[in-house]
Structures are given as structure tokens and as C-alpha cells.
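Number of protein chains: 6
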Amino acid sequence: MANKLPKVFLGCDKAYDDADIILFGAPFDSTTSFRPGARFASSAVRNDSFGMETYSPYIDKDIGEISVCDDGDLELPIGDTDMTLDEIKGYALGIYRDGKIPFMIGGEHLVTLGSVLAASEVYEDLRVIQFDAHADLRDNYLGVGLTHAGVMRRCFDILGEGKIYQFGIRSGEKEEFEFAKNSTILTKFDFTGLDEVVEALKDKPVYFTLDLDILDPSCFPGTGTPEAGGVRFNDLLKAIYKISKLNIVGLDVTELCPVYDMSGCSTQTACKIIRELLLSLGGKDDE
Amino acid sequence: MANKLPKVFLGCDKAYDDADIILFGAPFDSTTSFRPGARFASSAVRNDSFGMETYSPYIDKDIGEISVCDDGDLELPIGDTDMTLDEIKGYALGIYRDGKIPFMIGGEHLVTLGSVLAASEVYEDLRVIQFDAHADLRDNYLGVGLTHAGVMRRCFDILGEGKIYQFGIRSGEKEEFEFAKNSTILTKFDFTGLDEVVEALKDKPVYFTLDLDILDPSCFPGTGTPEAGGVRFNDLLKAIYKISKLNIVGLDVTELCPVYDMSGCSTQTACKIIRELLLSLGGKDDE
Amino acid sequence: MANKLPKVFLGCDKAYDDADIILFGAPFDSTTSFRPGARFASSAVRNDSFGMETYSPYIDKDIGEISVCDDGDLELPIGDTDMTLDEIKGYALGIYRDGKIPFMIGGEHLVTLGSVLAASEVYEDLRVIQFDAHADLRDNYLGVGLTHAGVMRRCFDILGEGKIYQFGIRSGEKEEFEFAKNSTILTKFDFTGLDEVVEALKDKPVYFTLDLDILDPSCFPGTGTPEAGGVRFNDLLKAIYKISKLNIVGLDVTELCPVYDMSGCSTQTACKIIRELLLSLGGKDDE
Amino acid sequence: MANKLPKVFLGCDKAYDDADIILFGAPFDSTTSFRPGARFASSAVRNDSFGMETYSPYIDKDIGEISVCDDGDLELPIGDTDMTLDEIKGYALGIYRDGKIPFMIGGEHLVTLGSVLAASEVYEDLRVIQFDAHADLRDNYLGVGLTHAGVMRRCFDILGEGKIYQFGIRSGEKEEFEFAKNSTILTKFDFTGLDEVVEALKDKPVYFTLDLDILDPSCFPGTGTPEAGGVRFNDLLKAIYKISKLNIVGLDVTELCPVYDMSGCSTQTACKIIRELLLSLGGKDDE
Amino acid sequence: MANKLPKVFLGCDKAYDDADIILFGAPFDSTTSFRPGARFASSAVRNDSFGMETYSPYIDKDIGEISVCDDGDLELPIGDTDMTLDEIKGYALGIYRDGKIPFMIGGEHLVTLGSVLAASEVYEDLRVIQFDAHADLRDNYLGVGLTHAGVMRRCFDILGEGKIYQFGIRSGEKEEFEFAKNSTILTKFDFTGLDEVVEALKDKPVYFTLDLDILDPSCFPGTGTPEAGGVRFNDLLKAIYKISKLNIVGLDVTELCPVYDMSGCSTQTACKIIRELLLSLGGKDDE
Amino acid sequence: MANKLPKVFLGCDKAYDDADIILFGAPFDSTTSFRPGARFASSAVRNDSFGMETYSPYIDKDIGEISVCDDGDLELPIGDTDMTLDEIKGYALGIYRDGKIPFMIGGEHLVTLGSVLAASEVYEDLRVIQFDAHADLRDNYLGVGLTHAGVMRRCFDILGEGKIYQFGIRSGEKEEFEFAKNSTILTKFDFTGLDEVVEALKDKPVYFTLDLDILDPSCFPGTGTPEAGGVRFNDLLKAIYKISKLNIVGLDVTELCPVYDMSGCSTQTACKIIRELLLSLGGKDDE
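Read top to bottom, the protein sequences are chains A, B, C, D, E and F. In terms of this note's numbering, the first sequence opens at residue 14 and continues consecutively. In terms of this note's numbering, the second sequence opens at residue 14 and continues consecutively. In terms of this note's numbering, the third sequence opens at residue 14 and continues consecutively. In terms of this note's numbering, the fourth sequence opens at residue 14 and continues consecutively. In terms of this note's numbering, the fifth sequence opens at residue 14 and continues consecutively. In terms of this note's numbering, the sixth sequence opens at residue 14 and continues consecutively.
Bound conformation, chain A alone (with noise of 0.2 angstroms):
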């Protein structure tokens, strides 16, 4: 019997029914402002994790400990922002309901609004916490409301005040910023801060979302939107290993746009960042 390679992320072979934590792709950038391409996020990541070990020496864990299953990508309709979030609200929300976590690979920021509405449905009382370069807090976008620009603007409208933590902000229109004095907790620059929101969301349930582009471009070149100044590597992995600690219920990684990613290493990046996340967050129970 001839050996044939996988087509899952990294080894993520479990059945549905046997995963604690269920790894699919949104491929949709319909209203990316700038650059757009985040749509062969997922394919890419899939394709490349073939470079990379199981094994990571940084928590001495390997997914053969784990159990996610790799579900594959959405099929989304290009094009139609409400459809598509309709799309992956509704297939988020089975994952919740089987009390299993939802990991999305955007796409494009906007995808987490329909995982979010779907937490939001099953947990009460949620949080988001967001690594991102962009505030997101845009009300419209040339007079449009649901855009990647806007994506944490429209979580607040579901959630309310005090409710979303932002670090890492370093770019937005100044608006952004006023808004965000009365209505989320936002850090600019880098992670200052972060060890108390830990401590203090910890009985709470977490949704998690990753702009890709909080890391600085010289780390991550390949994003639609690259802003100079961000975070390197190694404290975002600092970062995320805190984050695991949590009770994180629903997790997303966007914003890798291979089509700019042309030495590959953005997403080798994102295959290890999503590697850590996985083996942080899998088999807690188990401990």
C-alpha cells in the first residue's frame, strides 16, 4: 500500500466527532479597503504546514497529543458580505452547540463577526479579546457598514461597552480612537496590559481573534494592509501562550494575503503561530 501524503493542516486528522477543537477556512475578502488575496489563506496554510514539524520545542507538546480535526474551507459566495457571514455564523454555531472550539482561518477581519455572533448566541457574558494592527472600530467605510475596517465596531455593537480588548492597535482614523475611550479597552503599540486582562477575564468565556498584521512586516510581510511598528514573533508568542490560559471558547487567525507572501515565510509564520495556539489550547481537559 503506497504511503500518501495528507491533506489536513499539520497532521489535524481527527474525525469531527472525535476533536475538541475543529480547524476550518472562511476564504472571503470581498471588502478588503486595500489589498485583497486573504481569500488563499487557508489553502496556503494547509499546503505549507507540509514544512513543518508537529513538534514544538517551545511547550514540548506535539499534535500527535491532540485532537483537532481539520474540517477544510467553507464554500462562501464571493461577493455577498451578509450570505457569507450568514455562511459562517451558522456553521460556527453547530460547533458551539457540540460544545467544541471553532478555529477559523480567515479570510479577511470581517469573517469574525460571524463566529462572534454565533458565541455570542451560546455564551453569555462574552469577551473578545483582538491582537490586531487596526483598530476595526469604523461605524462605515464609504458608506458601508459590515468591512474588515469596521469588523470590531459591529462585535461592540453585539456585545456592548467594556467588553473588547484591543492590543497592539497602531493604526486608525482618529475617530477610531475617541470611540474607543468610552466603549473598549484599547493598547496601543504592543501588550502592556495584558497580564491583567488575563487575570481579570479569567472565569469569563474568551472569543480570540488574531490580525495577523499586529506582527510588524518585516516578520509578516505577506497581509493586505502591512503597518510598520508592530510586534515581532517572539512576544506575540509570549502573548498567545498567556492568551491559552483562558477559557477560550472560539478562536480565528486572519489577514495572511499569500499573494504578497512571495519568500513563503508569512505563512510558515501562520502555520506556527497556528500550530502554538492549537497545542496551547488542545487537551487542556486532559491535564
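Because the hints were derived from the structure by calculation, they are not lab data. Please note that a few of the clues may not be correct.
Cβ-Cβ distance ranges computed for the label pairs, FRET-style [unchecked claim]: (1) C:D95 - E:K215: 56 to 62 angstroms; (2) D:M96 - B:N260: 46 to 52 angstroms; (3) A:G107 - B:L18: 56 to 62 angstroms; (4) D:L18 - B:N260: 30 to 36 angstroms; (5) F:K17 - E:K215: 32 to 38 angstroms; (6) D:E188 - E:E212: 58 to 64 angstroms; (7) A:L18 - E:N16: 34 to 40 angstroms; (8) B:K20 - E:G24: 47 to 53 angstroms; (9) E:G175 - F:K17: 35 to 41 angstroms; (10) D:E188 - B:D73: 54 to 60 angstroms.
Some chain D residues flagged as far from chain F (calculated, every beta-carbon gap over 12 angstroms) [what the hints assert, rightly or not]: (11) K102; (12) R110; (13) D152; (14) L159; (15) K251.
Bear in mind the structure is a predicted one, so any value in this text is a computation, not a measurement. Beta carbons are placed, not taken as given, at the ideal position from N, Cα and C, and that holds for glycine.
For this one, chain A is given, so just place chains B, C, D, E and F on it according to the hints.
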């Protein structure tokens, strides 16, 4: 006084009021189903026209001899298809009503719909000639009616049977080719029959839409959905000169995607096609 | 239930037992003498087939009408040529013995040897038709006998004189062209004489190997050893339809190297060629 | 009325007469010794500034609060160094004499000479602060005196001993470092001593020239002569804010080479640096 | 003893004294008006000739049968046009006087002037055959007389009326085409009339200059000023074989710009054209 | 007499007999498991060293002060691992026996084995210091023993326990880290403990192998298996200066893969590291 480099396409610096042809960009690609990026086309041709002569040795004519206003790019709400088409329609309508020719640079092919909608309000018994690799006759795509893959189906809804002439078509679903049999005049692969169409339409107002992916990918790799087996540049040039003898009331050139044009040759090719279209259409009244 | 994007080539999702043709990848390129990277070809065509229609307007047939199983990629020991060829041979042999057609996507051209070895154990008086820019008749290259530059020489060792039909050859050492005179039937540059060969072989089992570098680099830059002066896509398409009338017992498409396919057009071209091969070979028994 | 996209850098659309700072491009790179292409920099930053906010969360200020005129690009005679420098000098001189600040976007570093020549005619006891990876102190290069590798040597010829302050220098011939000892104030590798220089120059007219290759290639790969071991973006930002407290009478940003900026991140980084320079320099009189 | 890879173009390792043809590079592109980078051409063809056979199946001849010395690249003062042309002229003059054929690899097209100046000192009644997309007959460009866009105008100044034969010209200012009418023999677009020219010049010393942008960008994207609508590789090959029957006293191949040759195919095409030129010109005395 | 550009790395033009250090390339990458292309590294650094100074401002020393022979590239039988290692071993052995230092530029990391085999025949009690992202301690990979992923395991077989010092390791299978515990001295992530190792080995012959992927991908994207989280350039530089105080009898720099180095910065970084290694190792006897 210092000389400055122009900010318009290839010396097309006439004022709106003095121009016969109004060139403008429609940077939109939200419904692109495969590879987005056509939003950057108008900006790219404007920049790279710097590397091209204003004179055509093909038809011995110079941009200096005609009257074109490059009116810049529309600001379109990326991600909102309806608003985008309204914007394009409204802007084009003004040009048609001023008795001028709107020459739109896409963007994805759906932008054509805005200009055809406007033209059909001004010109009776309008015909459309389409050069394209794809039939673009899908009724919907994953449940969405307004997409680049269905732009000609929507034009058909406006114009009715037998008004759309399609050339070069080499890709589509079986259903699209079936639909075309009783609805449009579709020529597969090349320009067979173009002379007869030009003869038949000589008294009609004609809108001309050129999807650049009609070109073979060897000539034009920089497009969202390349299809091997297309026409060559010189064939397209000859077809354009034929078309230019008609009463072209509006036109567009779509689907240059600079993101995939690493060598810059697709952009240069688009520049030359636009130049030849301008030169062969412009100044006809003065002859 | 959420719709998912398929993980197979262009809807080729039949089960092995239900399929007439078994598509599989052989990701190996260790003997490539100039520019490696063909190992990524099967993964690339699978991904990018998403951007292509399942219907061929050339022969009015759809993938839905035939029975193909995309069985995934073999896991091959990169760097060990002997083991790799054994793996391929073993896997292909099973397919031949099941009365199905193995359709291998390389990988470098040496992978052909594994499948031809298997075919020659099952089919008597086997012939090989090769479309290629290179003669591939070197006895050895820097002392190595098993290389992509000598794959046809090794096939000759198995099949004997006058059994290999080479078309499109435009590169090689002088010795290779000398050797061909008494050993193979070699046509330089194009498909001259293909009709006669098809006529002569109509009662024979035929293995068809297509090295995509037979195409001119303008049509197909994404290959390891590009050679200016090749055939064009439409010429290749016509030749393929001719070949498809023969009793093709096995086949392969090799030497797409996505690393050098910046625009993605070579991958799309490979996708279309594979589609047309599948459509013209598939479902013949049912006619 | 249709909204149009702006053709200026980041909303810098004041009229010349109303502006304090005049932004302009100097697209010239004929003396580049290694990799040319900096001629495309001003056009690239203008285009890509579309993807950037006008607001700086670093210093809480918006482009709307200051008065900048983007006056476009000079048309320079590529290949003729003397004429090019004359053009730049003449144009800059007008700006200096109008009491405004010329902000030039190179081009290669030699363009600085034109603006420094003009500044030295208007301002007495002019000093130059240079941020750069290269000393640029060669007396000649293959017999040529006017080259990017010698631009600071030519400035030295104009300004005399001890007037040029060089920071971040990490490449040059041994002779250049020797020359610097008695002629300029040269700091290797970083910004050590910048505070003291800022203090010492607080009453002097200062020309500031920023060769972007001072940045580490990880932050800024898109440049003609990358040099590993440079400063990071945040370090540069801090140094810029210090500089901005001085009486900057003219300035430039040079050596972005978009040809090697495949990801677009270098261009975005240059955009942000220009934005922060504009914001920290602009509107100071009004404070 | 270890075998080493050669450092010369395609086995052209004869000593200067033993060679009939002296191959050398002229890495200069300072007057390029659009996209520089041709300075890297000679280095690129030397490197990539490793991937090419020494044998031509077109004319059944091998590099081993002729005598060529690859003498390396001239060290030219980038940015100083006059000195550069002097260097080239001086070096070429030595070769002409030694009764050998200088074969220069550009660089931009202006380098031709240096070699033609030298040839005109040695050979009486010299003629020039030019294959090119551009007329290159500008008297000056932005006030500069010595530019790649005017190289043939300068050759005209040396040789006088009716001595320059231009083929394939498809771009230029109107004035250039006017000038050509009474000054050169200009054929637009293709090689029409080449047989007659070859016949007419059979007793004359001829300098042959090949600007590779005569090729269609589909065949040859890697050039500074691509022009759609060019000749194809096989047409150029046939024209080259015709030219090779003349008394070619010197020649050059210019305007490969590897920076825009992402796939490497343009460099490979240039390698093959140089190979075929060498093989068809070399060893003629021995026949 | 015309000046010619050199064909050696950065002015390293001493004759073999006059040199202390022999630089040579080993262009081999057949066992690369993820992305091949390192075979082009030695050619790339030779070409691009043209853009770099011969002088180091870090250690105030110039290539002109030391004696290095760039002996070119070995011609290796791509695809045959055993023969390749034999060739490298044989060639390196000659250099060791001549009392010179072989400085090999890979190629993939497996090439190290050839030079270590040779060194171990000449030097007793040899130690190896490895800077690398990967442990390279796999016993076999898909059944193959000789691969880049296992090169240090093979060195261990030769040298025995406790002779290999590994720094910067951040990727590997769990089994490799387990194996290292009793077999090598492995430091994860960085250079912790390097000072102690340098002290401990000061009387030993040391072979130094540098896999450039120890660098963070932000500094060095151009490699086959990038791993986020690596050391930065300045850290590596400091570690190199420490190493250079040891009795380095042979060394190599491997895994630059120019195919993925679109900006050229990785190649420039490799050039600078090689320069600093040469300068810090060369001429020590003369001091």
C-alpha cells in the same frame, strides 16, 4: 519653471468640456471569484503609460491629434456591489448625456453593467459587443446574481434577445453555452464573423466591452482568471480597428490584474490597447 | 449543513473502485539538473483547478460525465531515486492490474520510469509516445544513470528499439540525436507525422508521457528547463485529441514547476491540459 | 457628482501658495552603482498612500491639521547628471526663497546635492544631518565625481568641515571612514549622540537627508544597496521626532527602490515615515 | 582532481589569441528612460547558460566546433555616458584590429555606439543592420543627445544616409518615422525585405545590432521597454540565420533586463539566441 | 587595457598556493525535503558581492589584507547523494592536507558531511559547532539516511558523543531533542552558553557549520525551510566573532536559497556574513 511629469494617462490632459472621450477608472473587484486585484488596473496603466509613445505607427496618429480627458478614478465602496454599480451608472450617465464617450477602465468585468445601464437609458436599441474568454452568462454564482461571471446575463436582462455579440469565448459552464444559443450571438475561440457583425450594426449605437482575458495568457498573464488558448495581440488589434468604425457610444477595458503582472508586460499591453482604441475612436468627427 | 470546498482536482471525486482513471501526484524532483521545484506541481494544479470550469467547450463534455478518482499524492523519499521509482512502480502496478488507467502528475520527468516499468509488466508490446522539448536519451549525466535527462534511455532499455515515439524535441546533446536515429522515432520541433503514428499504433497499448516543456516558454514559463521555440497551446491541444483515440493504458504530465510560475498561468495551463486529457480519455467505454 | 480618488500623496492637496511644505518627487537613479530603480519611488508612495490612514496615533495629529502641497514629480533628464542636478537645484531654490520647506522624495541619494546646493544659497551656516547605511564620502567612483556613493563628499565641498552629521553608517571604503575623521561627525551603526547633536544645532538651519537604507533590510528590503545590520523602524521613528524639533529648512527621503519591494511593505514603510515627518514638521508655526 | 563548473558562457573557454569571436559584457544602463536593469544581462546569461545544451539541433553544430573567448565584463563607470562609450570603443577597437569579431552583450542599446564607432574606424563603407522594436532615432531626449532612444541617430551621424537597415520597428515618435524616410531603410513590424537586404549587402562589412525587445513580450518579457506586437522567437531565428551569411564584422545583443525576468525564460531565450548567433557565425573560415 | 569585472567573490582572487582560505561552492540540494534551490547559492553570492564593500567597519579590516582563493564551484552529480559526498570529501581533503582552511558555500546542509568526513581524517579529536534552526538529528527521513534533516546525526556517527555543539535550535521532531540529551550539546533558540563553549574548545580543532536559517526569516527569508523565531543579524555577527577566536580548521555556510530571495537581501546578508567570517578568520597567523 520646472517641468513636471503628467498625472494622466499618456498625455490625455484635455479638460472635460473640451474632450470627446472621457477616460476614467472604476477600481472595483469584490465579486471576482478566483483572483482579485483588478482594482489596481487604472492606476497601473496611468503610471506605466509613461513608458509608451503617444504615436501609433499602426494607424499613423498621435494622442496630440485627439481630445481625451483622463478624469481620474471613481471612489467606489469596495464590498458593496449595489452602491458601486449605482456610482458607476450615475457618473457614466452624465457623460452620455453630455454627448461624450465614456471610456471606463475596470476593475472586474461587473463594472460594465453600470455603464451599460446608463447607456441604455440614453440610446435606443443599444447593442453590446463583447470580447472575452468567458461567456459571463451565469444566472447566479453561489446564490449571488451580481457577479463578474454573470455580467452579460444581467446585460441581457436589460437589452433582450439578440443584442449581445460575444467573441473569443472559450470558457463557461455548459448551461451558459446552452443559454447563449437562443439569447446572444456567441462565437467560440476567435473573431470569426466579426466583419458581418460590423456590417450589420453600422447604424446602431454600440457599447463595446473588452475583457482583456480574451488574450492568450502568453500575451497577457496579468489577469484574474487566465485561460490558455486565447487570441494573440495582433489579432485583437485588427478586431479593434474593425470595431472602431462603428458608432461606439461607450466602452470599457476590464480585468487587467497588475498583482499578477510581475514583468509589467500585461500593463504595457493594456496601455497600448487603450491607446489604439483612443486613437481609432478619437477625432472621427473632424475627419 | 455548510458547503465545503473540494480537496480534489476539478471535481474528480469518484471513489477508487468507481473510477476508470486514477489521478495521483508524484512529488519528486531530486535529479533535476537545472531548476528544481516540480515536486510542488500536483499540489498546485489541485489548488488552482478551483479557478477553472469543469466543462470543455472544445469537446462539449463535462467532468461530471466521466469517472475519475483523484487519489492524492504519493509520499516519496526525496533524495533517494531508487526507492522513489519503486514506490511509483508499486502503486501504478496496482492500478494497471485493476484495469484502470493511472494518470500521474509529476514531478520531474524521471517519475515516468516507474509507471512505464509497471505498464510493461502488464501490457505486452507496449509503446510510448513522448511529447517533450528534450530528447531525454542521455545514458548518464555526470556518472548518474537515473536522471530526468535520461528517462527515455531507460525506457528504451525496457522496451527496445522502435517502441518510443518522440515529438517536439528541440534540445539535447549531439549524441542523443545520433542515438535516436537507430533507436527511437524522433520528430524535431513539432508534431509532424503524428497522424501516421496514431494510425500505426491503433491496435497497441500505448503509454503517453507529456513533458510540459514541449510548450513554448511564452505559453509555459513555469518549468525547470525552459526552451524557446516550442509548440503553442492550441497545437498541443490538437495533438492531445489525436492521441486520445489510441488505447492509452497509462499516462503522465510532468515538469510543471510552480516556483517559476509567478503569474499562475502555467499552472492554469497545466490544469486545462489535464482536464482535456481526462475528458477526451474518460468515458470512452460508455460511448 | 461622483467622488474621485485623489492623485496626491495622502491627502496633501493644498495649493502651493497655501502650503508650508512642498512635497515633490525627483525620479532619478542614473548613478546607482548596484541596483537601479529608485526613480519609481515617488510614484509608488503616492499610489500606496491610498492604503494608509492620515492620522498618526504616535503623535495624535492628522494630515488635515497641516498644510502640504504635493507638487508632483520633476521631469528629469535620465542619464545626464549635471542637467538633473541643475533642475533640482532650480526648483528647490524657488521653494526656499518662498520661505517654504522643500520635501523631496528621491530617487537615488545624489538628488540631495541639488537641494543642498539651493539651501546653501539661501541659508547661512547650513548644517546637514544624514541618516544612512553608507558614508557616501567617495571622492570618485571609477573616475566619476558625481555619484550616489559620493553625495556627502560633494556636500562637504560646499559646506566645509564639521557641518555634516552622519548617523547609522555601516558601510563604506576604509578611505571614507578615514576621511570622515577630520571632516564630518560620523556615528557608526546607530543614533548614539543624536540628542547632543540636536541640542547643539538648535539655533542653526538644518537640512535633513534620510537614506532609507539606514533601516535594516528586514524592515526595508526595497532598496538598491541593502546592508544587513541596520536600525529598526521604531528606532528611526524616535530619531525623526528628535530631528523634527530643529529648524529643518529642507529635507529629503531617498533610495526606496520599489522594483525590489515585492510585498509592498517597504513602500508602506516609506509612506509612514513621510507621514510622520510631515506631521511632526508641519504646523509648528501655528502651535 | 575535482571538476569545477565553468565561469564562461556556455563552454566558450578559448583563449583570446585562439578565438575568432570575442564575447564580452557591457553592463551599462544609465540612460534607460523607462525601466533600468539591463546592466545585469551579461552576468545573467553567463550563469543561466549552465542550463542549456552546447549543441544546436537547428543547424547541427556544437560550441565545441568553433572558437570563442568569453572575455568577461568591462568595468564601466555607471552614470558617466561619455567615459562608458570611450571604454567600449577602446576595447572593441583592439578586437577589430586583431581581426576578430567583437560580440558585445549589453546593457542598454546605447552601448552599440561604442562598438560602431570602433568598427567605423577599421572598416570602410560599414553598414548596420538593426533588429529592434524601437526606431531609436531621437535627436535628443529631454535635452540629452546620448541616450538609448537615440543610438541609431548617433550611428547615422557617423555612417551617413542609407547605411542603416532597421527591421521590426513598431514604436517611436512620429518625428522618428519621418526622419527615417530619407535617412535609413526602415521596415515596420517584421522582417519584410530582409532577403533583398542580405543580397544587397553581401560584399559589405556589416555590424549587426539586436535589441531583444524586437521579440514580442510574450516571448521576452524581461526587457526595459516591452512593446506588444513583436516578432516571435522562430521568426527571429530564421532572420538570424539569414544575417549570418553576411560579412558580420561585429555584433551585439542588448536590452535583456533580468530584473523583470521572474521566470528566467527571457534569459534562457537570450542564451539560445546568442548560442545560435555564435554557432552560425563561428568557424565559417574553416568550411 | 580595459578593466574587467572580477569573477570571484568580493575580490578573493589569490591563487590557491598563496591563499590561507579556500572558498568554494557545493551546489547540491537533492535531499531538501521542503523547498529546493540552495544549489544556486554560491553563484548568487559571487554575483551579488559586486554590490558590497571589501572593508568591514565592524572589525576595521579589508579583504585586501587577507589571503583568500575563490576556487569556484564543484561540479556535483545532482541526484546522487553518495557520489556528491565523495566529491566534496575528496576535494576538501586536499585542502586540509595542504594546511589550508576549506570554506564551503552550500548547497543544502548535507554537504557539510563531506567536509567533516575529510576533516576527521586529518584532525584528531575534532569538534563541530553548529548554528542552525533545525537539530538535523533524524536517523532517517522516509527511510533515507543521508538527508539534510539528518546531517548532524551522521556527523555524530563519525565523531561520537559530546563532540557536537548546537546553537539556536528551534525546530525538530521530539525524538531529535530526546536524542540530543545524551549525544550532543544542544542549546535551544539562541547562543546561551557560547562563551563557555568557546573557552572549553580553545585548544581543539573545530569545524564550524552555519545553517543560515538560524536567522529569523525577517532577516533571511531566502531559505528552504524558514522558521519564525530566529536570531537577528547582529546577534549572529557577535557569535561569529567569538567563534573566530577558535582554531577553525574548516567551515561552511549553507541553505541560502536564492529562489525565494526576491528582494536580494538574503543574498546580501549571506555575502556580509561570509565577508565577516573571512575577515575575522583570515590573516590570523600574520598578527
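Structure-based check of all given hints:
Between D95 (chain C) and K215 (chain E), the C-beta spacing of about 58 angstroms keeps the proposed range 56 to 62 angstroms intact. Taking the beta carbon of each, M96 (chain D) and N260 (chain B) are about 48 angstroms apart, inside 46 to 52 angstroms as hinted. Between G107 (chain A) and L18 (chain B) the CB atoms are about 57 angstroms apart, so this pair conforms to the stated range of 56 to 62 angstroms. Between L18 (chain D) and N260 (chain B) the Cβ separation comes to about 31 angstroms, which falls inside the hinted range of 30 to 36 angstroms.
Between K17 (chain F) and K215 (chain E), the C-beta spacing of about 36 angstroms keeps the proposed range 32 to 38 angstroms intact. A beta carbon spacing of about 59 angstroms between E188 (chain D) and E212 (chain E) agrees with the range 58 to 64 angstroms that was offered as a hint. Between L18 (chain A) and N16 (chain E) the Cβ separation comes to about 36 angstroms, which falls inside the hinted range of 34 to 40 angstroms. In this structure, K20 (chain B) and G24 (chain E) meet the distance hint of 47 to 53 angstroms, their C-beta atoms being roughly 51 angstroms apart.
Restraint check, G175 (chain E) to K17 (chain F): a C-beta distance of roughly 37 angstroms satisfies the suggested window 35 to 41 angstroms. At about 57 angstroms, the CB distance of E188 (chain D) to D73 (chain B) agrees with the hint of 54 to 60 angstroms. Residue-level check passed: K102 (chain D) sits 29 angstroms from the nearest beta carbon of chain F, beyond 12 angstroms. With a closest Cβ-Cβ approach of about 39 angstroms to chain F, R110 (chain D) is found to remain outside the 12 angstroms limit, as its non-interface label requires.
Residue-level check passed: D152 (chain D) sits 15 angstroms from the nearest beta carbon of chain F, beyond 12 angstroms. At the 12 angstroms boundary, the C-beta of L159 (chain D) stays outside the reach of chain F, the nearest C-beta of that chain being 20 angstroms off. Distance to chain F confirms K251 (chain D) as a non-interface residue, since its nearest Cβ pair spans about 18 angstroms, more than 12 angstroms.
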